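Number of protein chains: 4
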Amino acid sequence: MIIHMTEGATPDQTERVIERIQADYGLLCETIVGYDSTVIGVKGIAGIVDEGRISELPGVHRVIRITEKYKDASRNFQKEDTIIEVGGASIGGRNLTILGGPCAIENEAQALASARIAKDAGVDVLRAFVDKSRTSPYDYRGLPLEAGLEIAAQMKAETGLPTASELIDLRHLDAFLKCGIDIIQVGARSAQYSPLLEELSRIDVPVVLKHGLGNDLNEWLSAAAFIMSGVDREGRNVGHGNRKVILCYRGIKSFEVETRFANDIAMIPRVRLKSHLPLIGDPSHSSGDKSLVERVAYALVAAGANGYEFDIHSNPAEARVDGAQAVNVEAARIVENSRRLHAMLGDVGIASGTSVAAAALGAVGS
Amino acid sequence: MIIHMTEGATPDQTERVIERIQADYGLLCETIVGYDSTVIGVKGIAGIVDEGRISELPGVHRVIRITEKYKDASRNFQKEDTIIEVGGASIGGRNLTILGGPCAIENEAQALASARIAKDAGVDVLRAFVDKSRTSPYDYRGLPLEAGLEIAAQMKAETGLPTASELIDLRHLDAFLKCGIDIIQVGARSAQYSPLLEELSRIDVPVVLKHGLGNDLNEWLSAAAFIMSGVDREGRNVGHGNRKVILCYRGIKSFEVETRFANDIAMIPRVRLKSHLPLIGDPSHSSGDKSLVERVAYALVAAGANGYEFDIHSNPAEARVDGAQAVNVEAARIVENSRRLHAMLGDVGIASGTSVAAAALGAVGS
Amino acid sequence: MIIHMTEGATPDQTERVIERIQADYGLLCETIVGYDSTVIGVKGIAGIVDEGRISELPGVHRVIRITEKYKDASRNFQKEDTIIEVGGASIGGRNLTILGGPCAIENEAQALASARIAKDAGVDVLRAFVDKSRTSPYDYRGLPLEAGLEIAAQMKAETGLPTASELIDLRHLDAFLKCGIDIIQVGARSAQYSPLLEELSRIDVPVVLKHGLGNDLNEWLSAAAFIMSGVDREGRNVGHGNRKVILCYRGIKSFEVETRFANDIAMIPRVRLKSHLPLIGDPSHSSGDKSLVERVAYALVAAGANGYEFDIHSNPAEARVDGAQAVNVEAARIVENSRRLHAMLGDVGIASGTSVAAAALGAVGS
Amino acid sequence: MIIHMTEGATPDQTERVIERIQADYGLLCETIVGYDSTVIGVKGIAGIVDEGRISELPGVHRVIRITEKYKDASRNFQKEDTIIEVGGASIGGRNLTILGGPCAIENEAQALASARIAKDAGVDVLRAFVDKSRTSPYDYRGLPLEAGLEIAAQMKAETGLPTASELIDLRHLDAFLKCGIDIIQVGARSAQYSPLLEELSRIDVPVVLKHGLGNDLNEWLSAAAFIMSGVDREGRNVGHGNRKVILCYRGIKSFEVETRFANDIAMIPRVRLKSHLPLIGDPSHSSGDKSLVERVAYALVAAGANGYEFDIHSNPAEARVDGAQAVNVEAARIVENSRRLHAMLGDVGIASGTSVAAAALGAVGS
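Protein chains in written order, with my numbering: chain X, 1 to 366; chain A, 367 to 732; chain G, 733 to 1098; chain S, 1099 to 1464.
Pulled out of the complex, with its shape left as it was, chain X reads as follows (with noise of 0.2 Å):
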């Protein structure tokens, strides 16, 4: 941590600062004085160390963090990276993983035809969404919850692939681990909602966990340090926290209305680089339309990414999803091409492990 020091700062003001520090945090302080201000560099983790109080002080200027604050997702603080075992699935590393299966339950006959579909196209994860997390009270928000439990299990059972389902009301978790559920995701409304994530933290079922549609990455980090830090609210760690997180990007608002969300492909390899944790990617939510979801999945997955997961309908005799009848046909295709290029590509250019140090040295000049 860097405290740079107002102009007018006064040697009182600097000698306040490094006595607060040591203080408060037992950390030690050096100062480099320059032309027309103050610079104090503090020695040691100051990830602890909470910016907001340093910037109140009297002379201080600007607080600017060395040591990420999110330590347990960042690769700083563990170099491998972390592989997450799930019912045969392994994630994260050196291997692709892809997720499949409808966006919401509606009822049997169509949530068990869309899991073949996902089966027979080859994903490693089923996708079983029982809640759904909808912008207005107006929408669709998913059977009755025990109804789409039940359901889920029956997709479970028949495909026997692991199962993942996003959780919303965390007072909903022991449902969904007695209904055998898998992987637990969080979606982007819910992504910095705390409660919720310190419910995963006393679990030991992998959690996928988006990001919010205003969030950079140092919020969605921060938000796996909630699963996985296992710190309470009085600041004490607690003897649990769940490291099995897998982060999955999804884009973020920007003002272009062509696309959903802006998907900064290089969010993936930059990710990489800065947490160990297994990174996917979602083409159907973040680009929002199915003419562009294809070649999407293929971009995510030659960026970097660990995998990703997608939206798989089915459509029976039914008008209503007619439209959606080419992503069947699609499916086996985008995950079969996928994996090709998984293949093809291999680890070249990816900065992971112990990789990390070497990849980092220098930038593109501007």
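Please keep in mind that the hints were generated in silico from the structure rather than gathered at the bench. The structure presented is a predicted model; accordingly, all values stated were derived computationally and were not measured. Each hint should be verified, as a subset may be incorrect.
In the DSBU-like style, the derived pairs of lysine-lysine whose C-alpha atoms are separated by at most 30 Å in a straight line are [to be verified]:
1. Lys775(G) <-> Lys409(A)
2. Lys498(A) <-> Lys485(A)
3. Lys132(X) <-> Lys485(A)
If the Cβ cut is set under 7 Å, some of the chain S residues that face chain G in the computed set are [said to hold, decoys possible]:
4. Lys1167
5. Thr1233
6. Phe1324
A virtual CB, placed ideally from N, CA and C, is assigned to each residue, including glycine.
Got chain X; can you put chains A, G and S on it based on the hints?
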């Protein structure tokens, strides 16, 4: 609702869309067959139509919503300003309501001293924040719940002011109500967490609703609809719904790093035009910098907000709060100037209530 | 074009809008009178209608454009991919074109060495940038024009490759053409500067057109229309217009600080769907970080781009360029893997030419 | 300037950075060797250091600028407000300056009528816009140059007010000056076009400088430096430089579609803190909607802007301008209320001139 068919859409596809809308929602359509494509207009209140379902039909290019989905909060459905009475304060309409107090209760002495400063400065509502929503689990998150609530009750008793507090964990709602909290605040990180919003639809206490840092107006007012509508998961109106919602605009994420959030001042008159709900701002959290707060507070009032909430800190001998000293001195001045400004401008140029239609007649050329 | 009247609009106001559109643009209208407001549909090619003028008429609530205004670049007006031939390279359609070379010509030795590396790596087009557009006047802005152009000519002669260079000052155009520059690039800072774009409408040399860092697709393709249309200030078609425009997507500004720009990969398939023009990416400038470039380049190809341009630096003994050494080594590998990837995926999932209408039939549910 | 070395950086790499900075820029460094990485502090005015060059050196993780590069516009280099005198108007400091007039000169009658309304409303500076910068070549771009300038001269003669006009094509500068234009405006689309900015560095006429819709403060004030510094392409100070720059904030692009641009009101006090240049706003173009303009204008004054510019339209019998009628009526009221508001608030809470250092002492906690 307008449905724009693709250029190559067949008459059969157009017919199917019209049938679907009539069958599922009981609404009639008319079509305009243009040079290269067809447009379908849905007649009647299309707020209930799920555009996602329609946009999946073959031949549909784009679904354009004409009536807002967030009808509960919309001026299209209630012309008159909603005015909320709470503990002697009257929020909305022509009133200016100022909420002030400490950002977090740290201990009894700091909290009571801050409350007194706020009271002396002339605020209408006291802020007494027990839970503190944070980005990282390593940040300070407030005193233990019971201790915090006890101090909040003391603050209320000492000042005699209606008291607002942020609720994060929905399981704490009863404790908040039992403690006598008069206004429940929903923060940015919980702003789209529907289980919390639905709990608040069951009470009769006013709610200050912020929006998420990545939310637009549609998402924000749709969140309000979760509180106001009392529609349950199955889409049934279950006989409740809390219409006492106060909107709090707090700026959105942008690429500009010089301010914490983009505090788009044009949103103040825009939201007042679109919604009948009281609208306040937050000069402290939107700016993130004490040297900006005072003028941003004035700008909010000048723009036509119904008030604002701001952080007032006490600072006893302890060095830590030296930096905030000026806030004590300034709080009374800020409140006083805000009231003078509000009195001076009155209603001029504010489009609300019956003047809405007139105000919306035409846009300044670009 | 659809015109949505306000709720309180009178029949007279509706009539006046219809008359105005017929009188000024010779287009007919139809209306749909809905439950609470009226919608006017304009029949015919409404691309020429100035929505600003219409939206100022009394009673108009919103003008919704159905046909794009940027018709020159739109697939609605040209179904087949534009393919541009230049010095042996064929850009667009099913071809993959890679442009590489130094970001700025610093001196003869560095420039020629970089050009040789690019040639050896197998690029199709050489980048030889003489003018360097910078944020600050204190940044390095390139050699004097004549000296720079002379070296650019040497680079072209030495490699035998078609050569691209960025034109900033419109008064330098003749010197660029005389020097033998084969492709003129327009950078982000000039992307909406119409006098420059209009100069380029008068030549027959291909133009690589970036978009500004705050531009959306409509603004970008409208800038292309300045080059392509040959419409002058008075709106007259003055008999020229340069249709050899290559779009270069380079990411947009966002709130995420971990990457330089948000390189929204879904824009690659989206822009190819909306425009017939060749589309390339820029992994170097969009990422701003050498450790991200390789995988972003692969992602661009996987997403369906027609190619990309990237920075290749030479680095003689001087310490300064040590850090960039890896780029030499990597350049050939990046080009080779890109070509393998492109060959492997072919056209699968790319919606272009006659397949556009089919691809646009329906959107993945949200 | 602070240079943060990577964790694995060797002492040799650190040494090389220090040598490079001393050799190239004559500046000394000090280092702080921390727990897991080293920080280098550059002493002296590091504004001249090209961070791009330094960040490419091996072992460098991040270069953090402490002193702004846009020194010409920075309060760090000039404490006192710049005040610009032009035709009787005094812009900057404690003055409130209002610019008004038609957005485009359409014909003599409309232009002169609009000018009279602006004059009667009490504006300080007349807007007389001849060139009209547009997104699309198919939009109205103004009368032919000579005809437009002739009318502009009439408008100035008739009102006796100093007159501002936007210059797009740098080749028109002489004609503008010959016509008697008193203030040259640079619009958003030209805001980073350096050849135009450099032309304006050679004249002594005040310049209103907007920022691009994707520009941050650093880019905006760096654009001002192109006008102010008189530094040429080779980095030589060539004896000129136009310091009469008026900044005009006009909002930035955001994901919110309810307003045209995000008019971040906190930027008003922030920019006044960072720069000594006069700062005005643009309620018309930032909002894009007549029903928002009045209150946004008040908010700009309340936030501490030195003024604003706004569109005033005349509207003879012609139907087209009926909708704008209210603007005539409102213009005088808006100007009058703005002046009352400015008088009422005075300097309170404005951090400028000598009070800057004090105002910057500490930030409100988050």
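Going through the hints against the structure:
no. : hint                    : result
1   : Lys775(G) <-> Lys409(A) : holds (20 Å)
2   : Lys498(A) <-> Lys485(A) : holds (22 Å)
3   : Lys132(X) <-> Lys485(A) : violated (44 Å)
4   : Lys1167                 : holds (5 Å)
5   : Thr1233                 : holds (5 Å)
6   : Phe1324                 : holds (5 Å)
Violated hint for the displayed structure: number 3, the only one.
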